[in-house]
Amino acid sequence: MSIINPQETSMKGLQSIILYDSFLSSKLFRVDISGGHTNITGINGAGKTSFLNLIPIFFGASPNGLIEKAANKKNFVDYYLPSSRSMVIFEYLAHSGTKCVVLYRNNNQGKHNYRFVDGCAEDTLLSESSLEILGLSQNVKDVFDQVYKSGVDVSRQIDSIPEYIYTLTADKSRLTGERNLRDLCNRYSLSGSKQQLKFLSNLTQVTINQNNVVSNFKTMLIEAYLDNEKIKTKPTSTADWLATINDVKALQSLQSEKQKIISGIQLKNAVLASFNALHAHLLVLRDHVVNYEQQISSIEHEIYAVKNKGNETVRNLNNQIVQVKELIAVKEKSAGNFKQAIHDIEVAERRYQDMNISVMEQEYKKRAHYFNEIEEAKKYKQFLTESYENINREYDKHSADLLREKMASSEALNAESNEVQEAINQLRNRFDLKVKELERKQAEQLQILDQEISSERQRLLDIQSAAMERMHQSTLFTDEENLQLQRLKLAYEVKENTLSAKSDELKAAQNKLKQLNFDQNKAQYDLNGLKAKLEKAKQSEENLRTTLFQKDTLLRFLNDAPNEDVDWRTTIAKVINPELFFKTNLNPVWQTGVNANALSLYGLEIDLNKLEIPGEADSLEQLQIRLKDAEIYTASLVEQYDKQSHLAQSIHREINETNIAVVKLENELNTLQNEKQQARQVYDQTEKELKAKKAEATRIEQEAVNRAKYELQTFNNQIEPKKRGELRSANMLEKNGLKESYDASYADLRIKLDLIATKEKQLESSYQAKMDDLTNLYHSKLREQGVDENILKQAEMKIKAAIAQHTKVKGYESILAEYDMWKKNHYQYKQNHIEDMNQALKLVSEYSHNLSKLESELEQVRTSLRTRVDNLEASAQDFREKIKKLDKQGREIENLFDDDILLVEVDRPEFLSFDSFSRDLGTLADTQKKQIYQLRLQTNASKALLRKYEAFSLFKLFEEKMESMGTTSETMNTINSMSTIESIMDYDLPKKHDAVTNIFRNKSAQLRNYIQEILNLNKRLKSVSTELSGYLNRSNKFKAFTDFSMNLESVLNDKNTLDQLNQFVLQCEDYQSFENMQSSSIPSEDFIRCCEYTLKAIESTKGHTDDIRSMVRLKMSVMNNGRLAELRTDNDFTSAGSTGTSRILVLIMFLALSRKLCPDNSTYIHIPLDEIGNFDAINTNLLFDMMDHNKIYLVCAQPENSTSNHKFKNLYIVGANGVSTVVPLEIEGDNPLLAAEPV
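Residue numbers (my numbering): 32 to 1270.
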């Protein structure tokens, strides 16, 4: 093993890199890079570039962003720190002495951690005792414990790269509030806490990782030169601005559309006047309805009298008609009875004829003959029955003999069959016993198999449970991770609480503003009232002064009259027009010889005592008293007006201040919301990363769980069924053998049973044949005796027929007796009934003629009565129709009136005629309906207008006022709505006008301040760009490159944009002038358009005032051999020339400014550079000169056998097989780290 000893140097910076059990084959080796430039050569793949990557990693670059994802380089930890004892040690000289920083593996988290160690590696981490512990424990953490116990300071574990960078480079902006990091920085930073080197991480990886070079460099320049440049003013968002502009435009539009609402107000007044007129017509209508009802009542009384008289005559005629009808009914009933009796006789006669009553009489006389036929049929049947019974007795005897013979043979066969069946039962019992024994044996075998399977399954389940438990543990966060998440969540909650407090503060300010606006409106209302009173008082005072002091007036003449006997105040003053008192061209003169006190006027005598003396005619003393009172009253009103005016002005100033405070709070609230969102994003991102790591660990454990589940599934689905199948097959085979033996014995016995069954069938066949012969003999004897069944049936039927005929004839007896009775009692009176019926019908005809005469007379009386009544009812109906029409019109009008309509009494119209009144009423009602309809349309249009300008909340205010009025009818609701709108337009809209103009004024002032800061930023950027470009050209030693330009430009540097911004500032200054501040006028359309253009210009840049980087663009250019090359993107460097030229250009552009970005000249910077052989000798020397001038050491990597420049002080070779061969050093002896000198 080989180790290179470090060289002593007083310059701060990285001195050596030591790898222990890292990516190279050697277990421990060290590369010294202090004191000058370093060159490493070797074959491809030996590890040169991997070593170069460690330079920016030391200065804080993200390791995984530099590692090539090829070969076995999965990530930094697995490649550089493959085991728990692996270490990458950076030994550096800090402001407080030699220090070490160690990178080691964290197996729990799958990433690397940092620790700082106070001292050099040989005395601490690589001492003999440390190496011995490392060899035993295989864990670097045990070495940290041992070093710490030996009295050497070892820092806490640092988990994150940012914390490591803040500590090493003393980044003040990151260390604020972190006491632990500040303590580490004071001890372990390169240059001390007063020297910031925060850009080393980006600078040292420019030559290796050329992604986002321009973007990163712009960020470095902004942080270095513009870190204190902040856009303090944060204007309202464009959306809020546009909303305010829309409010201002809406005010302009609303002023132009105000006439529509005024038309609605006028229409409302017309509707109320129409209601009053309709109400007067309705009163007249009701009076005439009462008059018509009285006339109808008189007509109905007359109708009642006429009907009573007519009804009396009708009743008398009806009584006579009833008497005649009763006689007719009696005779008609008598004729009907005779007719019914004749009809009944004829019906009975036809019935007896239909029954053939004469035939029945003849048959009834032959009933003895039919009785003899019955007796002869019975004797013949008795003879046949005796012969039939003799033959049957002989047949029954022979069939019984055959049956006894059959039963004897059958019993013998049954006994033989029972013996065979008993043998079968015994065979079956033996088989059942053997089967039960076999099943018991199989059950024991199955139980043993179940136990074996259960044990194996439990083992697999235990494996699966253990895997699942590990998987569960992998999903849980460690204490450190939970603490990290809690810190981030706490930061987010702090932001959220601050945001809530700020929101409450904003609400309080808004409430205060709302109250101030209310106070202002009230103060303005009181001020206007005082102003009106004051003007009225001043006018009254002026009038009194005129009355007292104006000369050459009639009043002055009367007051100065020498004749004290003239009492003009009780005479002339009462009848003269008071305006004449103040006329100056009347030339008044008292006439002589006229009694001035006579109560007459040009000969007209009137009683003046009924008139009052006007106030203009008061005495001078009274006028002076009134004048003094008026002066006092006016002075008090002036004092009140001044106080109220000061109050209104103070409230107005406080409203402006509160508006500014509200806008400021809104901006602060937006800032806090952004900070809260950023904190939430950091928390969510961290949680997401941790969960991703947990998900990966869970995935690995899930694979183990899946393997365990697969093994358990394989056992359940394959092994267990296989074992059970084998046992089942063996048991089935044994059971089948037993079944085959049983089946053979059972078959023999079944053959015997079949033979017995065959004998039984033969016996049955023999018996049946003998019975058939006996039956045939039986039927032949019956035929010989002539006594077969058909003959017996015929004899039986003959008997039944004779009995039926005899019974039928015997039944005629009752019918014939009834017939004889009918002829005696009914049939002989038929002719008498016919004569009586004809007499009754004759009388009915006579009575009917008389009835017709009475009914004709009754009809004439009724017609006359009906005509008289109809004429009267027609008159009454005419009045009813008028009433109905008036009622209908009245109801229609009443429907227009709701209970809550407020009416004023007006003069009633004259009722000239029914038609003209009805016509006028209809016209007035139609006009009212149209007016109400038009008013609703106007009201809806006015409400739509209020709703259109929703930003002013006029419609909401309208709804609140309407809600306070309660529930009213539809019409009254329309009138109230229009009245409410009138109130809003007169009182509330001016308040909204003032609020909108104040907000617009505040926002325009804020935007002006913001633009002025932007313009100042442009000046600062121009100054910085000039400084950077000048320094770059002075530092450049390469003649091929000239005229370097490095410009930091604002995104708002377009000439048109700048002109627009300047124009806005000028117009805003004019708008914010003192004269305009005193009024609440709406901004001009030109200024509103200027605001919109300015907002569009700012919005188009996509810049954010809270991020200065988004407000700045970096533009670079250089003359390359007389050709201009613009360098705005990473690709522009590649296309600027050859590979070597473009790489040199990168080094010039970025590293020449390194000391501007890292100003500590006592700290050397190490820059890794791969393939320096691409540069020619001249450029290489110039490059080294530039590096020496800026105190930068190059660490280069070249292929094997490359020419080495004499500028390199440290030379190393990486040999074959990936083993770095440097100056060897044996790890034996007293101090293995100092045992050999470099070759």
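No lab work stands behind these hints: they were computed from the structure.
One or more hints might be untrue.
[What the hints assert, rightly or not] In silico DSSO-like cross-links for lysine-lysine, where the CA-CA straight-line distance does not exceed 27 Å:
#, residue 1, residue 2
1, LYS410, LYS824
2, LYS1070, LYS1086
3, LYS142, LYS58
4, LYS428, LYS564
5, LYS861, LYS841
6, LYS674, LYS397
7, LYS960, LYS913
8, LYS142, LYS722
9, LYS766, LYS465
10, LYS1127, LYS979
11, LYS1068, LYS410
[Stated by the list, open to error] Computed beta-carbon distance windows for the label pairs:
#, residue 1, residue 2, range
12, PRO1190, ARG1140, 38 to 48 Å
13, ALA270, PRO193, 27 to 37 Å
14, GLN517, ARG730, 25 to 35 Å
15, ASN139, ILE484, 22 to 32 Å
16, LYS754, GLN452, 19 to 29 Å
17, ASP176, THR506, 49 to 59 Å
18, LYS740, LEU700, 46 to 56 Å
None of these values were measured; they are calculated from a predicted model.
In this text, a Cβ means the ideal position worked out from N, Cα and C, and glycines have one as well.
Hint check:
1. Note on LYS410 and LYS824: the hinted pairing holds, with a Cα-Cα distance of about 14 Å set against a maximum of 27 Å.
2. Proximity of LYS1070 to LYS1086 is assessed by CA-CA distance (about 35 Å); at most 27 Å being required, the pair is judged violated.
3. At roughly 21 Å between alpha-carbon atoms, LYS142 and LYS58 fall within 27 Å of each other, so this suggested pair holds.
4. For the proposed pair LYS428 and LYS564, the alpha carbon gap of about 155 Å is over 27 Å, so the pair is violated.
5. Note on LYS861 and LYS841: the hinted pairing is violated, with a Cα-Cα distance of about 32 Å set against a maximum of 27 Å.
6. Using a Cα cut-off of 27 Å, the hinted pair LYS674 and LYS397 is violated, with the two alpha carbons roughly 152 Å apart.
7. Pair hint LYS960 plus LYS913 holds up; C-alpha atoms about 23 Å apart against a cutoff of 27 Å.
8. Of the supplied pair hints, the one linking LYS142 and LYS722 holds, its CA atoms being roughly 15 Å apart against a limit of 27 Å.
9. With a CA separation close to 9 Å, the supplied pair LYS766 and LYS465 stays within the 27 Å bound.
10. Restraint check for LYS1127 and LYS979: satisfied, since their Cα atoms lie roughly 25 Å apart, inside the 27 Å limit.
11. Taking the CA atoms of LYS1068 and LYS410, the gap is about 169 Å. The hint is violated against a cut of 27 Å.
12. One distance hint, 38 to 48 Å for the beta-carbon pair PRO1190 and ARG1140, is violated here, with the actual separation near 22 Å.
13. Range check, ALA270 to PRO193: Cβ separation about 35 Å, and the 27 to 37 Å hint holds.
14. At about 26 Å, the beta-carbon gap between GLN517 and ARG730 stays in the expected band of 25 to 35 Å.
15. A hinted range of 22 to 32 Å for the beta carbons of ASN139 and ILE484 is inconsistent with their spacing of about 40 Å.
16. One distance hint, 19 to 29 Å for the beta-carbon pair LYS754 and GLN452, is violated here, with the actual separation near 44 Å.
17. The hint said 49 to 59 Å for the Cβ distance between ASP176 and THR506, and at roughly 30 Å that hint is violated.
18. Remark: the range hint 46 to 56 Å for LYS740 to LEU700 is upheld by a beta-carbon distance near 55 Å.
Violated hints, listed in ascending order, are 2, 4, 5, 6, 11, 12, 15, 16, 17; each of the other numbered hints is respected by the structure.
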